[in-house]
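Residue numbers (this note's numbering), protein chains in the order written: chain P, 1126 to 1424; chain U, 1126 to 1424.
Just so you know, these hints were derived from the structure itself, not from any lab. A few of these clues could be false.
[Claimed, not checked] Part of the chain U face toward chain P, derived, beta carbon under 7 Å:
# : residue
1 : Lys1238
2 : Thr1288
3 : Glu1400
[Said to hold, decoys possible] Calculated lysine-lysine pairs in the DSS-like style (CA-CA distance at most 30 Å, straight line):
# : chain 1 : residue 1 : chain 2 : residue 2
4 : U       : Lys1397   : P       : Lys1321
5 : U       : Lys1413   : P       : Lys1316
6 : U       : Lys1413   : U       : Lys1397
This one's a predicted model, so the numbers in the text were calculated from it and none came from an experiment. A virtual CB, placed ideally from N, CA and C, is assigned to each residue, including glycine.
Number of protein chains: 2
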Amino acid sequence: MTAAPTAPTAPTSPTASLQADALVAAIAAKGSPVCVGLDPTLEQMPAAVRRDDPCASIELFTRGVLDAVAPAVPAVKFQSACFERFGWRGVRVLEACINQARGLGLVVVLDFKRGDIGISSSHYAAAAASAGAHFVTVSGYLGLSGVEPFLAAGLGAFVLVRTSNPDSSAVQSEKLATGPTVAEHMAALVKNLGEKHRGTSGLSAVGAVVGATQSREAGALRAHMPDQIFLIPGYGAQGGTAEDIRIMRRASQPPEKSGVLVTASRSVIYAKANEGQHWLEAVGTAAKNLAHEIRDVVA
Amino acid sequence: MTAAPTAPTAPTSPTASLQADALVAAIAAKGSPVCVGLDPTLEQMPAAVRRDDPCASIELFTRGVLDAVAPAVPAVKFQSACFERFGWRGVRVLEACINQARGLGLVVVLDFKRGDIGISSSHYAAAAASAGAHFVTVSGYLGLSGVEPFLAAGLGAFVLVRTSNPDSSAVQSEKLATGPTVAEHMAALVKNLGEKHRGTSGLSAVGAVVGATQSREAGALRAHMPDQIFLIPGYGAQGGTAEDIRIMRRASQPPEKSGVLVTASRSVIYAKANEGQHWLEAVGTAAKNLAHEIRDVVA
């Protein structure tokens, strides 16, 4: 149940920062700050992997995709909901797939958006660390004391700051009496917590989820969080563009210090195969193209 | 995977409101708006139920507690984190225990604090409905479009509004430029969404999580949410008092329309047995005492 390689001597273990370093190293090795989002749904996967047992289908599909994308990208993001919807059997598949991803040398982001009081967060952290995740996504609405147990367990965390769903502004874009928006206020909390968990590259293991379609506000968020890695979902299929990414990146940095981790899901995992091409070849090519595209964008 | 008894014809199924009615009826039958929080941890449970396999311990303990409290209380709240920390085996135990709780006629609140964009929320909703939950706890930071899939799946939802952890004020008590706090703003969103999901009692299937220790702000929250059921954790062990509950309840109403569901966990499930008394007898007595206490508080 413990994730830290050494017993922690301080209230928060310093090892969370190693996750930031590992991610930076993985991006440097692959040359591009991208992440393939694994959101498997039965309706969208190729007929070739569909079985009577939905969990068998999800597993076959996800394992194939992992093998196909691993050569091209440094990281994958598992959408926990797609697995959890099948109950404990789905969670068992999720754990097996995370294990495979680790074996392939991929940095694993577990996108489960938990956010609870400290003691419950510590349980979620134990679960994520045992499963083999390197990073998790976390909600900060309860305050960032609910994020600290994840860091104490040796995990990096991306805190929800500004999301790309249609009604996200209803809370996140509200202006506080003191000036900043709720999202900017959350950004300040993230930056503050992140100071103590900076890796050798200067980037922090406490990052932020910032949707690709929020570039109008993203310049301000980058100013609030200069040393945070932005996990950026919504690129491609959801409408995020290269220009959006350019606004969010740390300028004049090599890819591994650009402070972004651009995530695409559907455009990669459901890439259309050409006549006679195996579906996994199409997935591999889409991953490679994504990596090249984003490498050029952050350059 | 579908929870609604009839195929929905409107974008959101009307059946979520039935959950509010079922909870009201269960409270009326037991005479007190209380809920036992099931947060099993190995460290705190009696030696008698500890086994080598942690999941066997959690299951034995939780099943015993369910039997012991069912005669006295209308509802239980499962803290998902305590089960998830043991991976898929823990989730399997959770599902088995939820099934038992339903069989005992208890209203089941699944406290898993999920909050994601619509499509991911619909997966979480399918999981919760399949497992047999009647209500879930949900985060609204992404906007309440992420809450709607739970209602569409026929579940009631308690949205996180004001929590009782030490640093909860860091976000929730910030004042908006327009006047209300972030929590009050969230309350207004909850009230608005809840209008469409009102049961025959007038209470809505969209409720709010409001910590028992937040009574200083709770009067204002009640004014913002007159027809919401407040799920109130933190009574007893965490410091919430009878006076706190009095401020939060809808005044001059019978228990089932008091608009509160007061949750106690440790003070019930880890109740100390007297010399010669079986631990489950102590748990049953503590549940009965809690129910009487809260019945008198809301009267």
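TODO: Please name the hints from earlier in the document that this structure breaks, with their numbers sorted from lowest to highest.
DONE: 3, 4, 5
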